[in-house]
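Peer 1: What follows is the residue order along each chain.
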Amino acid sequence: MEILTTKKDDVLTVSLTGRLDTTTSPQLDEELKKSLDGIRELTMDLEGLEYISSAGLRILLSTQKTMNQQGTMKLINVSSMVMDVFEVTGFSDILTIE
Amino acid sequence: MNEVQGKLIGEQYVIKLSGHIDSGNASAVEKAVLELIGQEPGRAIHIDADQLDYISSAGLRVILHLRKTHPELVISNVKPDVYEIFEMTGFTQMMTIEKAYRVVSVEGCEEIGRGANGTIYRIDQDNVVKVYNNADALSEIQHEREVARTALVLGIPTAISYDVVRVGESYGSVFELLNAKSFSKLLETEPDKMDWCVREYVELLKRIHGTVVPEGELPDMKETVLKWAEFMKDHLPEKAGEKLLSMVKAVPYDDHMIHGDYHTKNVELVGDEVLLIDMDTLAVGHPVFELASMYNAFIGFSEMDHEIIKQFQGFDFETSKLFWNKVLALYLGTDDENTIRQVEDKARIVGYTRLIRRLIRRHGMETEEGRSQIEFWKSELLELLDRTDSLIFAKNELQLEATKENLQTVMDFVEINLEEACCPAKTQMQILMAVEEIFVNIANYAYAPGTGMAVVRVEVKRDPGVAMITFMDQGVPYDPLKKPDPDVALPAEEREIGGLGIFLVKKTMDEMTYEYKDAQNVLKIRKDF
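Chains as they are written, first to last, in our numbering: chain A, 719 to 816; chain B, 12 to 540.
One chain only, chain B, in its complex shape (with noise of 0.2 Å):
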């Protein structure tokens, strides 16, 4: 009979219905149906509504009777009519039914973006649609939704889907993004704008990583990196391959946020306003996690071949890769080489190990091509491996607010930078004083009866040893060189206590230098060792 088919789809056996089910067809349909699924047994079903336009109570009854042998039962694509009667009815409460999805079609559309799981498409003037590669993405587009808005919740500027649609034979959630541009369609077509991109890129990155996620809200990355690395087992030679383990398990844990597929066509141009799209990659971990993803789009997949880039991005490789070091080099606040390059090789790391199992799992070891890509990225691996034993680097650069209860936070912060840097423990000791005299007076003074924010900035170099440190605020302008030192000659009754925090400083470090410049107290110090 027509109005009842049936099709094997995946493991669920999927029986379409169609047209008007009341009491002349009904017994009809309910025996059509008994047969498709004898056919079948063990399976669960499920019923397409798509094509069905009515249902009267004696077709419901054929559902009910359905349900008592497979209670599971879930019925999807409802016309909106033929849900009013299943809601009226109460069987929306009693099972799923879901609703049939609007359909779009992104034939002829621009690709605007694309993820890890799917891909952007413009549909009009003020809508996009990311379509999912996977055919069943309903829990993964809820998924989304939620981190998006975990993440615009926490401050990050990103869009909310509000509508999920049908494309093709996926599903697709509809955004509202008018004009968007994204910065690959800006490095591919406006190459001038490339340093403002840079800027923009960067702190749109700084503000992600400096934002601090309520534990639970999202996944861990770390967990995700440590089953990569797990995997990598069993095809590195036995010592790298726990290196790598044991490097990946001594990253400590961090609950600020990474996007964890941050490239270009992820981050959109709206308006004057700059969005982050793409968000179900959102986790909370180290920075060098998400700097091994960027490494990986800007560079990794396309080292062997530079025409993916082009492909992928728009613009060349050459392009990708200068953007690639001038983001590291803002994002890291150094422009020293040396420093640059060490945090890539630990990005590079993980990169790569991603890279690896990712070509294994599709089956990359059975053509001639993919074990060529394989053994160059593992080659890569190994000599990384060999010379770095940490994945961990120090963000160099501190914002938070000018109290005596942050001091202790900035001391370790300078700590890990001069510990990084081989420094000497009794010049760490000297640096620590200063640094710890001219964070308490700003705390102290700046911005006295209240408090504001201070910025400390670390930059140290090895061979030889400089460590420069630069403290920021734009509190009261005070230029502590004008103040005379204290006479160290006295005697103790006659001399005053306090007024010695400055001197100390200038005694024992190489250089300290002053300027009031854009409304801001600029305090600088230099420390060779």
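Bound conformation, chain A alone (with noise of 0.2 Å):
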């Protein structure tokens, strides 16, 4: 998975391309938890990502629970298959999808 992200005073936006699982989610933790500090709002663009597990729901809830106490969170450019996955868990309620 490849993860790239652009960082603006307390704008940050990720971008994920490839597959968000057991395998890569380490990854995306360990990124967010470096650069999510003083951000108050994080747009995740998904547009490339062709793939979600629950590893990677995991994530996404915990960042959504982070952002709700110091700013705003939302996706963009959700696929398909990924929004299937949000819909059948709910997380399309408590995410922010654009």
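Please note that the accuracy of each hint is not assured.
[To be verified] Listed below are the simulated DSS-like cross-link pairs for lysine-lysine, each with C-alpha atoms no more than 27 Å apart in a straight line:
(1) B/K238 to B/K196
(2) B/K337 to A/K792
(3) A/K751 to B/K528
(4) B/K528 to B/K493
(5) A/K783 to B/K518
(6) B/K18 to B/K337
(7) A/K752 to B/K437
[Stated by the list, open to error] To be clear about the criterion: a stretch of chain B counts as covered by chain A if any three or more of its residues have a C-beta under 8 Å from a C-beta of chain A, and this derived list gives those stretches:
(8) 103–116
(9) 139–151
(10) 410–421
(11) 499–505
FYI, nobody ran anything at the bench for these hints, they're computed from the structure. Only a predicted model underlies this, so the values are computations on that prediction, with no experimental measurement involved. Even glycine gets a Cβ: it sits at the ideal position worked out from N, Cα and C.
Both chains are given apart, each in its own frame, so use the hints to dock them into the complex.
Peer 2: Structure below.
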């Protein structure tokens, strides 16, 4: 998986390409832990994300909880496969998806 | 003089020495030898000491003189007493001197096996001898000994030869094989054992194919098959020839062992142990190459003349066909006729290629019978090439340690199987997600805090598309279906991290079942597409 982050003041954009699964999610977890400090606006661009499993969902959920404390988080360019997973799990109701 | 005789054998000039050679006759012997080789200038010479009883230092000097003009000189068939003289005087270190081999007769002995390069006979209760077809077989024997040792070290049950003997004009290697009975004999004489034979035979086959061979220890079968395909280019229409070659080229390198001549005469029941014999064709490669030679042995060779199988294996063509079909179904782990026939087609392509090349090289085009046989195989091959695009098939069962590190292997394995059945991309993703959730669960909890084995079996059917995936482990009994579903309506703050995996599987698959059977957790998922 490829993780691309762009940071401008307190605005962070994270673009994910590939698969967010058991093998790759620790990578994202680490990356976010490093860069979320002081961020008030987080955008996750999922255009290149082909696949997500519960390991990925866990990270999205914990990130959402963190951002609830310090600002906002939104997901953009969600593919239909990923969207299905969000809907089945009720994540579509707790995440902001554009 | 009668101590010296000369004979041209092949390209070599063989001098036979007899009786005693000492100071009394050494110079006469030397003169006679020089006269003989004077008639065959430039040839390699070889001394056959089969009848030589004694040689003194004067005789040894004759050998030394000869060696000056013929540095490649070899002495063979040396009797033990004479060999001792050569050894004491250091001659054995200076040149190639081979001991005489024990002579064994196979007259009236039962034939228990037959392979590509030899026939195996039982010589007494405990021993069998493999007699090589090629008269000059010492290097083959050496090769077979080495590969058999390689296989044994890697855990394949086999017999290793302990002696090399002469059998008539050929060489043989002797093995200990107590009260062995080949699977061919079992199928012929105890037909009710058919299903037992199928199970044991497939189990050993899977063991062979599951054995990873360190690089370079065994030849790569693909290289051999590439040669066959190259040969066929001259005997097939251009397009078909090219397709065949590119299909063989596309088979990926596989470092797993294949036997190369795995038919029922080469599998022996010894007591209650199943042993593999005739190891000279051992190689590494994709199992399609193995299935090809199996197809030939059970069907291909005798497809036109059903009597051939009876002469070769002892059982009839119907038995052979039934056995092959049962073996293939069990090996592939499926009852789906379509899948079985598709894999068989791939095996037949390689199989016919080999049969046609073999018969052409054995002058098959020169007889009416040969020509009609070649034509038959060729028309089958062309038809197969027309409807087949790849020689690769997926092995549908994976047995491996349940660890997160192995997740990728499992995912790749499932993906290949789904890909082959043309499963739509989105369904593939959903299935892969389910596989990940279940396998990670097994890896995390089944054997915690240790690890253990898991089996993943994939069965995919087309039209209508159905994927069935079975997970088996021997860890603590655990029914994931009993776990309550998470409340998906809760706001983020109240949602717990985790517990979603199995819920996702339940929601996205069409069926999910669990049972605890034979001390195993058996979890099945089904997805229609």
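Peer 1: Against this structure, judge whether each hint is valid.
Peer 2: Quick rundown of the hints versus the structure:
no. : hint             : in the structure
1   : B/K238 to B/K196 : violated, 34 Å
2   : B/K337 to A/K792 : violated, 57 Å
3   : A/K751 to B/K528 : violated, 44 Å
4   : B/K528 to B/K493 : holds, 17 Å
5   : A/K783 to B/K518 : holds, 25 Å
6   : B/K18 to B/K337  : violated, 54 Å
7   : A/K752 to B/K437 : violated, 33 Å
8   : 103–116          : violated (count 0)
9   : 139–151          : violated (count 0)
10  : 410–421          : holds (count 3)
11  : 499–505          : holds (count 6)
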